[in-house]
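The two chains are supplied separately, each in an independent frame; assemble them into the complex guided by the hints.
What follows is the residue order along each chain.
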Amino acid sequence: MKYQSQAVSKLYFNAAIALFVAQIIFGVILGLQYVIGDFLFPYIPFNIARMVHTNLLIVWLLFGFMGASYYMVPEESQRELHSVKLAKILFWIFFIAAALIVLSYLLLPYQRLAELSGNAFLPTMGREFLEQPTIGKVGIVIVCLGFLYNVGMTIISGRKTVINVVLLTGLVGLALLFLFAFVNPENLVLDKYYWWWVVHLWVEGVWELILASLLAFVLIKTTGVDREVIDKWVYIIVAMALITGIIGTGHHYFFMGAPSYWLWLGSIFGALEPIPFFLMTLFAFNMVNKRRRIHANRVAVLWALGTGVMAFLGAGVWGFLHTLAPVNYYTHGTQITAAHGHMAFYGAYVMVVLAIISYAMPKLRGRVANSNKAQVVEMWSFWLMTVSMVFITLFLTAAGIVQVYLQRMGDQPLPYMIVQDKLAFFYWLREGAGIIFLIGLIVYLCSFLVKGESDQHIDVSHNNPALK
Amino acid sequence: MKELFTKSVARNIYYGGSLFFILLFLVLTYDTHQRIPATDNSENLTEEVAHGKRLWEENNCVGCHTLLGEGAYFAPELANVYDRFGQSKEAIKAFIMSRPPGGIPGRRSMPQFNFTDAELDALAEFLKYVNGIDAQNWPPNIQG
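Residue numbers (our numbering), protein chains in the order written: chain W, 406 to 873; chain D, 2 to 145.
Heads up, some of the hints might be wrong.
Said to hold, decoys possible - Going by beta-carbon spacing under 10 Å, a handful of chain D positions derived as facing chain W:
1. Y15
2. H66
3. E71
4. A76
5. M98
6. P112
7. Y130
8. D135
Derived by calculation from the structure, the hints in this document are not laboratory data.
The C-beta atom is built at its ideal place from N, Cα and C for all residues, glycine as well.
Same shape as in the complex, but just chain D (with noise of 0.2 Å):
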């Protein structure tokens, strides 16, 4: 058994299985790009979806959100929070506006950010594109 086990064995496992498993994961990338287009809700994905996005990134949401499960756990999952507002992109809006400056006392709050309100629309359009991407029915329930 030992000398089956050779060192040279061992090093063409390492390369001969990484190649092959590099390749497969190419493969399997290239399949998925083929196939997403039914999930991912990309018909939706408008200007102002992308507008929308920037500001996601560009405000670092993700600091405290999560979205579709990625991101920090300090408030609320994101994906669904259009259908937990009632499909409302009003109540999205109205909610980021009403963050006070100062915060809440001893409590956490969302920073006031002085979104203009096309940022805010573009927000709540980027909010809605993502509750409708397709992702395994996940979410488990309307709490996120």
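So here's chain W without its partners, still in its complex pose (with noise of 0.2 Å):
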């Protein structure tokens, strides 16, 4: 740790991994809602269940990029944070918000919610991802412009690296868009149209651009490799996300009253959206080959090749797998989509927010990395929880199929539930596949907990010239 500042991040990396945790509690518990159909019902149907699952999801990411500000942006300006204070406050207003939204769907019926917290001042709640309160929508823009001010300042007085300013640019647009989350027409179809204003252009337009900031920063300190080189990759990432993603909003305003030509544009712009993903997995093994030293935290490395991977696997692969209007037009509103979901965030997000800290958190609790013992432990955190992702991927892929070809296909198409009974098979195995992620899961948080010796043999110290 070069600035003093940069402790602040600790905060937020510990309510991201909190968080994490419950997140997948939740996901355990809708896996077995799906074959166990009355589990916890009345007290947690699954709708609550879920909810709590994605938001907690959305708000670690947060806290994990917020965190990865904190951490990068004085490091990268090369000056101490504008206001550790400010920092401070955000975090526990933050925090305490995110835990009330959570516990008040838990602890009262949403529709007593949306009365309590006056929804229909400016009805926003029940729709996917957006269920927050209005009011809590209107705490997470204070968070996030006091957050953009913070970092902004910093940013702004520093040194400019190219790293800072996409990330500053994926900030900026993840708070604007959040603005649309306040638009809900009556009308079904413009309520769909800006709703993914927020949702694809966030995970699949500027949650890129903040992906690959942090990417290339773990990259940058990890292998030692040229500036110059590593901006240039970001650019033309950066570049290509942008390019691609934006008008690739169209694959999701195929079947819902827009019109048709939405299904050309969506199919090609949408096809062509694995790009920018296919150049991160290059990038980043690009660099660890091109690296200039071995750092001493070698498990910070794999979760960077990982997020490459699985980055391009998740969103890339599993993107493109439904994303032509002609393909699309049978797996809509499936397990297809349930599949990738889980993969592209796991693959793009998660991964990326674990790689920052990573290498972050060892820094923060006064050492280079940790001993070989713990990172030995964490690696197989990485192992578990990923293999497990494509397990689950897999699974509810081929539910997703024979749900498609029971339910939209074939001679006699099946009612919805019927389907649902015969698919229980793969809805077990991917209830298996979550419990083992849970375990990854226990073993990541088990690794914070190994002691021992850091490795010594290598110069890490700032006298290592290779360093600065």
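Printed below as a string of structure tokens:
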């Protein structure tokens, strides 16, 4: 750690990990509800558990992005953070608000929450991923603006690197696009049209900028490759992300009442959307191959490489699988979508946040890297979580194919619920893989507790010129 | 080749490309707004439908169901439920009303929401309106 103010990121990383654990517990509950339909009913019905699962994911990734920014930006800007105090205040506001929102989901009937929070004044609730009460959304906006101010002021008055500038554009985009969460026309077609401006333009747009920036930071630090080389990669990756991703929004406009030209635009640009992810894979492996030093933190490099591979598989390949309109006509809104969603979020965003945590956390705890023993335990968690996520995705894909065939193709299409019963086999397998994922996560937590001596045979002190 | 593709070229592709596609997207958005009255069934978007949509949202129906393919994949698609239930609003209302409060042992079941009759009417009217949206002939068949 070069700057004292970077320490504030630890708070954010800890919160991210805690919420990650809660998210996965709810994931396992949901998986079980798929096969034991009345599990926890009527206390935690599926819709509530799912809302908790997805909202926790979004919130902990935001904590991860914020923590990453607070860690990276001072180091990149070569100055202390504009205000540590503001970062701490915003942390507690965000954490308490997130906790209150999740608890209100669990303790109140959703309809009652809508009533109590005055949803009628500005109805924004009850749309997928944007279920937060309107007042909660206002809170998110305030936290984001305060965060942007803090990070922005630091960047503006310090050294401007490509990593910083791309990160800042991504974060500004994130905050601006979230404002469309407040747009909820009575016309369902328009409602959906703008809902995607938050959902798609986040995860298939500006979040990719944040992803590229985080990945580049970890790679610069761990490989020592020349910044000029990395910068060029970052620019071309984020260029391709926006060039394909913006019009790529059209692959969500196929079957919701929008004009038919979106079938063509969405298919073509959707098919190009894997390009930035493929470039990320090439980027990560190229940089590691060209590395000028072996960094003592090998597990951070593993997470970075894993991000490259899994983001391409989950977002790129599994996205391409159903992005063409004639295919999507059959797969839209089935377990194929669920399969893609799981691996894409894990591969792109979960893994990159875990990569930066893996790199930064030892430094925040006063060492260059964790002990070899701790790293090996963390590597176990990497493989357990990653491989089980591959299996979750494969089982859901299998379920999706059978579902599409039985329910939407064939001579005698069967009703939805009948088909669901026939898919129980795959859902059980998915639940098994989900439990392995949870075990992987527990192993991950354990890796923080493993002590032992850090590798000393590599000179990683600030006296080593290669590290400067 | 390496000399031609410099960092500033990459930067210009990023800024230029993004700006171009943002503008194109805005133009397409404007055009979509012009065209959708032909497909969005807005002529049937009454006060009651708007009320039904609010109920749909405030009971988090999308947490289990899909509507035009978006939502959760735990319960049936509802964009064509009006057709599936024989174009009968009464059938839709009866189904929602009849959900057992304690669920069905071992099986998935919709919660009992205790809607008033007016609320049930609004919900059914909303689902009828959605059924009328021209969504490129989607869902592929009556099963949704």
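Now for the hints, and whether the structure bears them out:
Satisfaction of the interface hint for Y15 (chain D) is found here, the shortest Cβ-Cβ separation to chain W being roughly 4 Å, below the 10 Å cut-off. Hint status for H66 (chain D) relative to chain W: holds, with the closest Cβ pair at about 9 Å, below 10 Å. The beta carbon of E71 (chain D) comes within 6 Å of a beta carbon in chain W, closer than 10 Å, and the hint placing it at the interface holds. A least Cβ separation of about 8 Å between A76 (chain D) and chain W falls short of the 10 Å threshold, and the interface hint therefore holds.
At about 16 Å, the closest approach between the beta carbon of M98 (chain D) and any beta carbon in chain W exceeds 10 Å, and the interface hint on this residue is violated. Contact between P112 (chain D) and chain W, as hinted, is supported at the beta carbon level, the nearest pair being about 5 Å apart and thus within 10 Å. The interface hint given for Y130 (chain D) is met, as the beta carbon of that residue sits about 8 Å from the closest beta carbon of chain W, less than 10 Å. Interface restraint check: D135 (chain D) against chain W, minimum CB-CB distance 6 Å, threshold 10 Å, status holds.
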